[in-house]
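Trainee: Residue numbers (UniProt numbering), protein chains in the order written: chain P, 1 to 396; chain H, 1 to 336.
Derived from the structure by calculation, the hints contain no laboratory data.
Please note that the accuracy of each hint is not assured.
Derived pair list, reagent style SDA-like, types lysine to any residue, alpha-carbon separation capped at 20 Å [said to hold, decoys possible]:
| no. | chain 1 | residue 1 | chain 2 | residue 2 |
| --- | --- | --- | --- | --- |
| 1 | H | Lys241 | P | Glu166 |
| 2 | H | Lys290 | P | Thr196 |
| 3 | P | Lys178 | H | Asp309 |
| 4 | H | Lys153 | P | Asp207 |
| 5 | H | Lys311 | P | Lys386 |
| 6 | H | Lys311 | P | Glu38 |
| 7 | H | Lys311 | P | Glu202 |
| 8 | P | Lys178 | H | Ser307 |
| 9 | H | Lys290 | P | Asp221 |
| 10 | H | Lys241 | P | Asp207 |
| 11 | H | Lys290 | P | Glu166 |
| 12 | H | Lys332 | H | Ile321 |
| 13 | H | Lys311 | P | Ala206 |
| 14 | H | Lys290 | P | Gly219 |
| 15 | P | Lys386 | P | Asp207 |
| 16 | H | Lys153 | P | Gly219 |
| 17 | H | Lys290 | P | Ile195 |
| 18 | H | Lys241 | P | Glu38 |
| 19 | H | Lys241 | P | Ala259 |
| 20 | H | Lys290 | P | Ser194 |
| 21 | H | Lys153 | H | Phe3 |
So the derived label-pair ranges between C-beta atoms look like this [stated by the list, open to error]:
| no. | chain 1 | residue 1 | chain 2 | residue 2 | range |
| --- | --- | --- | --- | --- | --- |
| 22 | P | Gly80 | H | Pro134 | 17 to 25 Å |
| 23 | P | Gly265 | H | Val112 | 24 to 32 Å |
| 24 | P | Ser194 | H | Ile115 | 48 to 56 Å |
| 25 | H | Gln105 | P | Ser112 | 55 to 63 Å |
| 26 | P | Ser39 | H | Phe312 | 27 to 35 Å |
| 27 | P | Lys386 | H | Phe325 | 30 to 38 Å |
| 28 | P | Gly372 | H | Phe3 | 54 to 62 Å |
| 29 | P | Ser194 | H | Leu158 | 19 to 27 Å |
| 30 | P | Met68 | H | Met303 | 53 to 61 Å |
| 31 | P | Gly80 | H | Leu155 | 49 to 57 Å |
| 32 | H | Thr156 | P | Glu202 | 32 to 40 Å |
| 33 | H | Ile115 | P | Glu288 | 54 to 62 Å |
| 34 | P | Lys386 | H | Leu63 | 34 to 42 Å |
Counterexamples of contact, computed for chain P against chain H with all Cβ distances above 12 Å [claimed, not checked]:
| no. | residue |
| --- | --- |
| 35 | Gly63 |
| 36 | Ser112 |
| 37 | Ile164 |
| 38 | Glu166 |
| 39 | Gly193 |
| 40 | Ala200 |
Virtual Cβ for every residue (Gly too), placed ideally from N, Cα, C.
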Amino acid sequence: MKKFLMASAATALMAGGAMADGHSVKLGVMLGFTGPIESLTPAMAAGAELAMSEVSESGKLLGGKKVMPVRADSTCVDSGAAAAAAERLVTSDGVKGIMGADCSGVTGAVLSNVALPNGVVMISPSATSPALSTAEDDGLFFRTAPSDERQGQVLAQVLQERGISEVAVTYTNNDYGKGLADSFSAAFVAAGGSITATTAHEDGKADYSAEVGALAAAGGDALVVAGYVDQGGPGVIRAALDTGAFDTFALPDGMIGAALEETFGDEIDGSIGTVPGSDAADASMVVEKVTAMGVDASGPYVGESYDAAALIMLAMQAAGSVEPGDYKAKVEMVANAPGEKIYPGELAKGLEILAAGGDIDYVGATAVELIGPGEAAGGYREIELKGGKIETVKFR
Amino acid sequence: MDFLNALVVLSNFVLIPAVAYGSQLALGALGVTLIYGILRFSNFAHGDTMAFGTMLVVLITYLFQSWGISLGPLPTALLALPFGILGCMLLVLFTDRAVYRFYRQQKAKPVVLVIVSMGVMFIMNGLVRFIIGPNDQRFADGERFIISVREFKQLTGLSEGLAIRTTQGITVVTAIIVVALLFWFLNRTRTGKSMRAYSDNEDLALLSGINPERVVLYTWLIVAALATVAGTLYGLDKTFKPFTYFQLLLPIFAAAIVGGLGNPLGAIAGGFVIAFSEVTITYAWKKVLKYLLPENLEPSSLMQLISTDYKFAVSFAILVIVLLFKPTGLFKGKSV
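Just chain H, with the same shape it has in the complex (with noise of 0.2 Å):
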């Protein structure tokens, strides 16, 4: 009995919250390593052009919302989702047409795209602001929980509760259900093939007659659509303000470079290598120890190896151990 409430706490607090933050990290990353492994940029405004992509998805779901048109138990977000994903692509598309395209025709350095992409993303950082203000947006309807603490405390007799709330489930069935697709895409179909030669080798894609506007057209819309799921389901599972979207520019960069720059698979990993280190080192263990250690060994302290606060510290800390030891990440990707 001990034990088994000692895994609920932890899957409370820890397994279930790390791995839906894992996932939504998982797919920004995704996107990040599609832009490094065939832009060959590290693009710093992917954190905005989720908050873009979200924000779109907000609006309209507050359209939807004022219609009275809802998924029942769903939340509304997801019908608005691939709206906000067209008119994620529209930005994008734009800016690659309006700022990227010219920076690739003079074949410059992936230093001065890297520039460039930062003020793109200060651009658009102002542009959601602009649109939609700096506060929290609530857009969240539909069930809060899929089994409540309460429930789940009738339900099982144990003394520790669990709960999951329908936006965790969604977001870890929505990665799997992208992530599937994206792998079939890009592993079965022409136009994904043709994507990972030119990652491969530009020159010899380039001989062999892919055509590389082709090819980038694809991967930003790719991108667009990564990044505006990834930034619903994080505004769902959290709250949207744009703010807290630029700084997830670095969980999310951390777990691309941790599971290697380049390698889809590498940044899913990295996601949630970096989800969990983050919970798992800034959360405090005592209740877990109190079931599971006998009782006079029980610790008075909360067990807690560094405060919340520092929980981008850890991120940091990880990148940092990486590129030390291992600068192609975990699967191998590029050298950064």
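Okay, chain P solo, but in the shape it has when bound (with noise of 0.2 Å):
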């Protein structure tokens, strides 16, 4: 078995190396480019790519090498569909590393089925399931977006120093919102509150009136609602302001968003929510050139994406070398202290200083600093909605 990993890794390495070029190194943007978080991924997508040009345009990766981005759908939802597509990117455009996947389960599921068989590098911006922390890796997979466990933690925090004691969870049914729950309800108990109930719903239905009918029936004084913008979670507050069973909703990074302002306007004012961000770094730069771009960069995970990829071309100069089993072990290396700190926008000052075998600390948009299992710390910005606007209150 072992020999034929080998092999197979060696063929997947010889067919990779056959395809690039000299000059050029390909690199997948794995994004649920279709399905429930489908208004985000564009941006995500521009982000990493952003980081991608300006490495190229500098011209000092391992001598002038171009990076390549090509992208690839996750769907988010549909393993096996994730699964193939990320072969794809391995064996048939030969990939070096993947920034991706974004959602918990896709990503599980390419990282053992695909990057593992084959030995690619796998950074996720986003896939953020407690689960992911233990999965085998082989030092292969690391995420510049923070496990949910911290999320559970803060977002339980900020609930309980604004007051509010009592809440009702919902949870969009899969890993993400399974996961996210169950930090959070774990945290809030710890931390002196009750959940009067957790109930997950589905996404893509038509009505949520009868989830809601059950929540209410439990009350509490906000609900917590841990799903997609994108899918059932605006049709779960839909319903509740409707019925008047809750007017204060609590809600994680993958209910805010753009469609959020728009679809409610100042109707959840006093709502709040917790979405990966640091005050260390500055994601501003990104977020303008992607704006730039023509592309709309209010959702989260832009600046999460561009630091996967510059990860991933960073850890390349580190190692000398493009090939994933050389360059995993310099992942850390770069992201961590000790070394001269790089923020976004300084890439080609970072290559420069690790071509002359000098070490680096890269902060980049995210304030990056991986720990554990390779994970990020997890800074996070607490919003709050006023005038129906997301607004910044502050860092934890």
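Both chains are given apart, each in its own frame, so use the hints to dock them into the complex.
Mentor: And the structure:
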């Protein structure tokens, strides 16, 4: 078996080598361009591709290699389709690393079915399920987004500080929703709060009044909706508003997006939310450039996507090789202290230092700091809806 | 006061939604039951006929909105409805000409027609997705509420609120008008009577000089109108998404069969039976009981019989029970 794996890895590498000419390297950009977060992914992809074009233009990666993005659709929910798309990236396009995938379920599937057997590095900008912390990865899997274990704790803390001690929870029925609901509930109860009811909701239904009816019967000061902003989430909020069941909502990252402002305006004023983000770093440069490309960058994970792509390329430079087996060990080195701090837009400087044999501490757009099993330590932006707009309250 | 609060909670979460949903199901089931009574097969394409009609209404509504035409507090979709019905009529007449007429002339068995209607269902399904896409379309505009929770609380001083959405009101009113028109047509007009005669005894009707193609034509026209109205009301009240119309097929058939296939009165009763069972069985009764029971008996659990995920299972269960004990349905329709 081991020999077989070695052999297949070797063929994969050779096939890849044959396809990429000496002056360019291909990186996969694997996001759910269709599916429940399709409104968020164009900006994420643009963020990743921004980092790649920055490196290409600098001409400093391993003696002037160009980086070419190859997009693939993870669908966010269909593991089979995602694995097939990833297989195509690795075997047919010969990518040397994958920026992705996005949703937790498909990320786990791509990791175990494609990345692991083929020995390809994956850096996910947005897969946040706690289960991925313990997934077997041979040191190939990293994420620039923190685990939801942490987001659950932060959201619980935000609610507690606002004096909300009784909430009902509804989550979208998948890895992301369930993981987040579990970590939130555990943290909230540990902090002395009480959960009146926890129910799942299925995405893609026309009407959520029955689900909301059950939650309303349980009561609570606020409703935690761990869902997706392009799927069932807004339906749940709409039903809760219409029946007067809840008027304050606590919304984790999947629910924060421009669609929320468009759909509800000021109807959900006073609702709060958490999105990964940090004040130690400034994602505004990435956001501005992505907006200049004509893509709506108000959603989350744009900076994380830029950072994920940047980390792959910096690690390649540090290892002096584009082969995943060589550079996977360097990812944490370039991401963490010690070394010169590298901010967004300074990738050329980072490449130079690494080429000269120096060490860097990549801060990037989201203050990347990889801990434990290669995941971001996790800073969060606390947001509040005021006058129909999403406003940042503070960073945690 | 407690009793009133309990009643308000019950109305807000059970009675009003169930009445609106029941009206939508009843209109859908009427279409299914008419086809079954007169054309003698179960039309599986009915859900997607609803989706097609609604899609036309949605598109025409968007057009009207872009022209700045509106109905004030009422949704613009009501204005677009007649056009949607016309378009849907054209589609069903076309499918009848292109598909069903062939099998009718062959005197095909009902089961063959059922399978044929499934084929039609998939084609309509694809057509709708092809034209408008698989995503949600929100086309409701105008005033959202007849009475909102906040207004109700201020008005009555009760601690529980009650909301009646405009779309729920429109659904019930429209359903009553449509059903009244339909029964007037079936019972009072010559064409309606010939339709009933054809349904009761085909051979006798043919002998007495009724033109079967004419009866079939009128049936399809009525069914197209019913389907478009039902679909539009459902879409206004909830949202328009092609896939949910396909899923609606199950409760609609359950309603038609429970009431007795081929019996219009039964379809209406069946619609409400299914709607009320789905909503009441999956409702969490905690809040209602909290008001009704003395304090020490207050329930600590949610008092929910089964989770809302099993909503469709309720329609299935009722269907099976009725078929086991009363195969002709509550109102003596034809046996399945």
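Trainee: Indicate, hint by hint, whether the structure satisfies it.
Mentor: Hints, verified against the model:
no., hint, result
1, H:Lys241 <-> P:Glu166, "34 Å, violated"
2, H:Lys290 <-> P:Thr196, "15 Å, holds"
3, P:Lys178 <-> H:Asp309, "15 Å, holds"
4, H:Lys153 <-> P:Asp207, "25 Å, violated"
5, H:Lys311 <-> P:Lys386, "36 Å, violated"
6, H:Lys311 <-> P:Glu38, "28 Å, violated"
7, H:Lys311 <-> P:Glu202, "12 Å, holds"
8, P:Lys178 <-> H:Ser307, "16 Å, holds"
9, H:Lys290 <-> P:Asp221, "18 Å, holds"
10, H:Lys241 <-> P:Asp207, "11 Å, holds"
11, H:Lys290 <-> P:Glu166, "18 Å, holds"
12, H:Lys332 <-> H:Ile321, "15 Å, holds"
13, H:Lys311 <-> P:Ala206, "13 Å, holds"
14, H:Lys290 <-> P:Gly219, "12 Å, holds"
15, P:Lys386 <-> P:Asp207, "27 Å, violated"
16, H:Lys153 <-> P:Gly219, "17 Å, holds"
17, H:Lys290 <-> P:Ile195, "18 Å, holds"
18, H:Lys241 <-> P:Glu38, "17 Å, holds"
19, H:Lys241 <-> P:Ala259, "18 Å, holds"
20, H:Lys290 <-> P:Ser194, "19 Å, holds"
21, H:Lys153 <-> H:Phe3, "16 Å, holds"
22, P:Gly80 <-> H:Pro134: 17 to 25 Å, "19 Å, holds"
23, P:Gly265 <-> H:Val112: 24 to 32 Å, "53 Å, violated"
24, P:Ser194 <-> H:Ile115: 48 to 56 Å, "54 Å, holds"
25, H:Gln105 <-> P:Ser112: 55 to 63 Å, "57 Å, holds"
26, P:Ser39 <-> H:Phe312: 27 to 35 Å, "29 Å, holds"
27, P:Lys386 <-> H:Phe325: 30 to 38 Å, "58 Å, violated"
28, P:Gly372 <-> H:Phe3: 54 to 62 Å, "57 Å, holds"
29, P:Ser194 <-> H:Leu158: 19 to 27 Å, "26 Å, holds"
30, P:Met68 <-> H:Met303: 53 to 61 Å, "60 Å, holds"
31, P:Gly80 <-> H:Leu155: 49 to 57 Å, "54 Å, holds"
32, H:Thr156 <-> P:Glu202: 32 to 40 Å, "35 Å, holds"
33, H:Ile115 <-> P:Glu288: 54 to 62 Å, "58 Å, holds"
34, P:Lys386 <-> H:Leu63: 34 to 42 Å, "36 Å, holds"
35, Gly63, "47 Å, holds"
36, Ser112, "28 Å, holds"
37, Ile164, "20 Å, holds"
38, Glu166, "14 Å, holds"
39, Gly193, "18 Å, holds"
40, Ala200, "7 Å, violated"
Violated hints, listed in ascending order, are 1, 4, 5, 6, 15, 23, 27 and 40; each of the other numbered hints is respected by the structure.
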